Amino acid sequence: MSSVATPAPTPRRRRRTRLQRRQTRLAWLLLLPALAAVAFVAIYPLGKTVYQSFTDQEFLAGVSPTKWVGLHNYFGASGIWHDADFRHSIVVTIKFTLITVSFEFVLGLIIALVVNSSFRGRGAMRAVMLVPWAIPTVVAAQMWKWMLDDTFGVVSDLGKKAHILSRSNAPSWLADHPLMSVSAVDIWKTTPFVALLLLAGLQVIPTDLYEAAAVDGANKLHQFWRITLPLLVPAILVTLIFRTLDALRVFDVFYVFFGNRPDTQTMAIYDQSTIVGDGLVGYGAALSVAIFLVISLFVVIYVTVMRVGDQA
Amino acid sequence: MSTVAERATARDRPVARRLWLRRSPVRRFVGRLGFWLLITVIFVYALFPFYWAVRSAFTPEGQLFDTPIKYFPSHPTLTNFREIFSTSFFTRALLNSTLVAGSVTLMALVIGSLAAYALGRFRFRGRSAVLYLMLSMTIFPQIAILGALYTMMRDFHLYDRLGSLILSYMIFTLPFTIEVLTSFMRALPGDLEEAAYVDGATPLQVFYKVLLPLIAPGLVTTGLLAFISAWNEYLYAISFIQSTDKYTVPLAITSFVGKTGSAFQVPWGQIMAATVVVTLPLITATLILQRRILAGLTAGAVKG
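Top line first, the protein sequences correspond to chains A and B. Going by our numbering, the first residue of the first sequence is number 246, and it counts up by one from there. Going by our numbering, the first residue of the second sequence is number 6, and it counts up by one from there.
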């Protein structure tokens with residue numbers, strides 16, 4: 246009846262004891278519901294998606310029975326390889342990812358550094374930073390859509406009051422600057438969270454390093470470049486990976502702002518409207534696989550960068 | 006103004022400059038001022054959109070479209086709140102979301118804690134394989150299986166039913182729950198468990214009488230995180246749900262229609278009232294449990 250804490254002291258382990266066998270059996274029994282659930286809602290659908298991507302399955306009444314079409318969805322005349330809409334959605338998504346992740350990282354790092362210094366009300370500050378994170382993305386999008394309203398929105402009003410925008414000719418945010426508008430929501434909602442992740446990384450850096458550096462005459466900027474940044478690299482990389490993967494599958498903000506308008510479709514929106522809107526399950530599955538590959542590409546890039554960083 | 010003069014003299018005496026400037030009360034004051042200015046900016050940036058939602062929710066619908074816009078409602082009213090609770094559209098959505106998020110949380114916690122017990126307190130072959138599987142599931146893009154899930158939901162007659170959401174939300178709640186609870190389980194000392202075994206307890210009794218109470222804080226945190234993510238989900242909800250009486254909160258919030266029924270007259274007052282109603286409980290819970298949530302969220306990032 247031993248647990249992990251007290252491994253049974255068997256001198257020779259040629260045969261597993263009855264106890265161990267029972268323990269193993271019990272462990273798998275405990276895992277059974279979890280494994281069954283994961284198999285049913287994730288692994289089986291994943292396999293099914295790959296299979297569907299080789300078929301012409303559709304979801305409209307009265308279509309011909311599903312056929313195997315091989316790589317037609319991928320490389321056929323009307324396949325993904327020649328799909329200008331999908332290519333455009335990749336560009337939109339990657340632009341969004343680059344804008345939001347870089348802004349969130351830089352702003353998040355500044356906020357983290359500020360909040361990391363000790364001052365009264367630091368706890369309250371950290372609590373406040375969790376507020377945007379706790380607000381559902383869809384709700385945040387609605388809040389900002391209202392704030393970005395052309396005539397009655399507060400953003401235009403503030404811009405006019407600060408004389409940044411002209412009174413007569415203020416921009417129509419969503420129409421003229423779609424990517425900027427969407428990014429504003431994501432940056433607002435996620436920057437504090439990025440800051441909290443980086444803050445957690447900052448707090449494990451031992452303070453005596455800074456004291457030693459100060460004794461040696463290093464100024465704050467030196468300390469930041471030589472101590473803070475190098476020691477923060479693991480936290481930065483993990484944060485960037487998570488944010489990038491998140492940004493690449495963006496759906497909510499774009500959908501709330503623009504629906505499935507072709508020029509502002511992200512990869513996820515294009516795929517969703519292909520499957521649910523048009524009922525093209527086979528082609529949508531192929532798109533899913535392609536999206537998966539695009540995202541994997543980014544993972545590979547990050548992992549490579551991390552490896553190179555380790556060796557340096 | 007004096008700083009200019011200081012700088013001029015400081016250039017002549019480079020060694021003394023640093024000491025001199027560091028001790029300068031003016032510089033200290035400017036530094037403090039800049040610091041608190043930054044803090045204020047961050048504070049306002051984080052909270053202003055929420056304030057704006059609250060302000061708009063309490064402003065009568067007519068005044069929302071007045072120019073110049075007011076930064077504080079001159080006659081705050083509850084009309085918008087009364088309006089959204091007057092029909093079943095929004096209340097129904099609240100109920101649906103509570104039901105879905107509640108069931109998802111409960112299932113994830115029950116299934117997850119059993120799995121975490123096995124992964125955290127037992128040693129057996131295949132354990133790390135299961136852990137890797139769960140880890141890979143957490144970065145799984147949900148869009149990748151939308152088509153397959155869509156056909157499955159239709160085949161199982163779950164399409165346009167809340168069951169489809171409860172089931173599909175397991176994808177992003179369960180692996181995360183298992184991972185966090187496993188780390189909690191693993192952190193527990195072995196003695197209590199041993200004592201229970203000596204007293205003749207069965208493994209299951211040890212599980213729910215000894216271990217579960219000990220990881221209660223972990224259950225609360227992961228439960229809240231699972232609840233929030235299920236409460237916020239939009240992609241599957243918009244794909245699997247069609248009838249308005251099955252709408253979850255995110256669906257309802259994006260499809261409010263004004264009294265006139267015109268798509269051009271967006272009832273922003275009501276939408277903002279709904280926004281406030283929906284987020285207030287989440288913000289409250291988050292603030293109460295902020296320390297634990299932070300610990301739960303940042304654990305992975307720091308370990309790197």
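Any given hint might turn out to be false.
Unchecked claim - No more than 27 Å apart at the CA atoms, straight line, and that leaves these computed lysine-lysine pairs for DSSO-like:
#1 A:Lys293 / A:Lys312
#2 A:Lys405 / B:Lys75
#3 B:Lys75 / A:Lys406
Unchecked claim - Far from chain B by the CB rule (all over 12 Å, computed), these chain A residues:
#4 Asp328
#5 Arg506
#6 Ile514
#7 Val534
If you are wondering where the hints come from, they were derived from the structure by calculation, not from laboratory data. Bear in mind that the values here come from a model prediction, so they are computed numbers and not experimental data. Glycine included, C-beta positions come from ideal geometry on N, C-alpha and C.
Hints and how they fare:
no. : hint                : in the structure
1   : A:Lys293 / A:Lys312 : holds (15 Å)
2   : A:Lys405 / B:Lys75  : holds (14 Å)
3   : B:Lys75 / A:Lys406  : holds (13 Å)
4   : Asp328              : holds (16 Å)
5   : Arg506              : holds (15 Å)
6   : Ile514              : violated (9 Å)
7   : Val534              : violated (8 Å)
In this structure, the hints that do not hold are numbers 6 and 7, in rising order.
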